[in-house]
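Protein chains: 2
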Amino acid sequence: MDKKITYKLTVRLFTEEKCFGPGVAMLLRRVQELHSLRAAAADLSMAYSKAWTILKNAERLMNCKLLISSAGGKHGGGATLTEEAVALLDAYDGFCRELNAFGEEIFEEKFGRFIEKL
Amino acid sequence: MDKKITYKLTVRLFTEEKCFGPGVAMLLRRVQELHSLRAAAADLSMAYSKAWTILKNAERLMNCKLLISSAGGKHGGGATLTEEAVALLDAYDGFCRELNAFGEEIFEEKFGRFIEKL
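So the sequences go chain by chain: A and B.
Every letter in the first sequence is one number past the one before it in this note's numbering, and letter 29, counting from 1, is 1044.
Every letter in the second sequence is one number past the one before it in this note's numbering, and letter 98, counting from 1, is 1113.
Since the hints were made in silico from the structure, they are not lab data.
Keep in mind that the hints are not guaranteed to be accurate.
If chains are identical, the list can't say which one is meant, so a pair holds when it fits in one copy or spans any two.
Said to hold, decoys possible - In silico EDC-like pairs for lysine to aspartate or glutamate, Cα to Cα no more than 20 Å straight-line: (1) K1125 - E1113; (2) K1125 - D1058; (3) K1132 - E1048; (4) K1023 - E1113; (5) K1019 - E1074.
With the sequences and hints as input, model every part of the structure.
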C-alpha cells in the first residue's frame, strides 16, 4: 500500500483579469537566476515574445514595473528584477507556502477515508 | 481606485497521477443535479466520452466507485452519485473552503503594498 493521495495548490492573482500565477512566478525566478529574459524564456522552452507579453501584462495589471532591462553589451543586454518584483515573488511564495502548510494540517481530517483506501 | 487584487485557488488531488480537481468536481455536481452523466456532460459542453473517461480515471486512481448507473428506461438510463462520491465532493469542497478562508486572513498581510497601488 505505498500509493498515497496528495494535493497540489495553484494560486492565481487577478485584478480585472488574471495577472499573476505559477507561470509568471517561474519566469521571474529564471530571470533572477539567468539575468536575461531571453535566456529565462529559452530555459522554459517559451517563445521570447510570449515571455515578454506575460510580463508586460502582469506589469500593466498590477501597476508596477517588474523588470529592469539593460540594452546592448557583449551578450545583447540583460534583465534584473525590480525591488517590487522581488517583493511580489516573496509575497506569492510566502502566500503559497502558508496555504500549503495550512492545507497539510487539515488534509488528513478531510480526506482520511480516501487515504485509507489506497 | 475601484480596481482590486484578488486570488483564486485551485486544488488538485494526486495519487500516482492527477485524479481529482475542479473539473471532476463540477461534473459530479452536475450529475447530482441532472441525474445523468450524459446530461451533465452536455451541460458542461463536454463530450460524453470525455466525461466518462474523467470519471473512470478518478474511480481507478482513488480506488472507489463514484457513479451508479441505471441502464434503460424512457430517458435512456440515469446516474446517481455513490455515497463515497458525495463524501469526496464534501471533502473537496470543505478543503477548498477552509483554504480560501485561511487565504482571506493572510492575503492583505502578504500583498498589502500591491493592493494599495491599484
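Here's how the hints hold up against the structure:
1. K1125 - E1113: Answer is both; intra-copy 18 Å and inter-copy 10 Å each pass.
2. K1125 - D1058: Neither: 38 Å inside a copy, 29 Å across copies.
3. K1132 - E1048: neither (43 Å within a copy, 27 Å between copies)
4. K1023 - E1113: Both. Shortest intra-copy (13 Å) and inter-copy (15 Å) distances satisfy the 20 Å Cα cut-off.
5. K1019 - E1074: between (40 Å within a copy, 14 Å between copies)
The structure is inconsistent with the numbered hints 2 and 3, although it conforms to all the rest.
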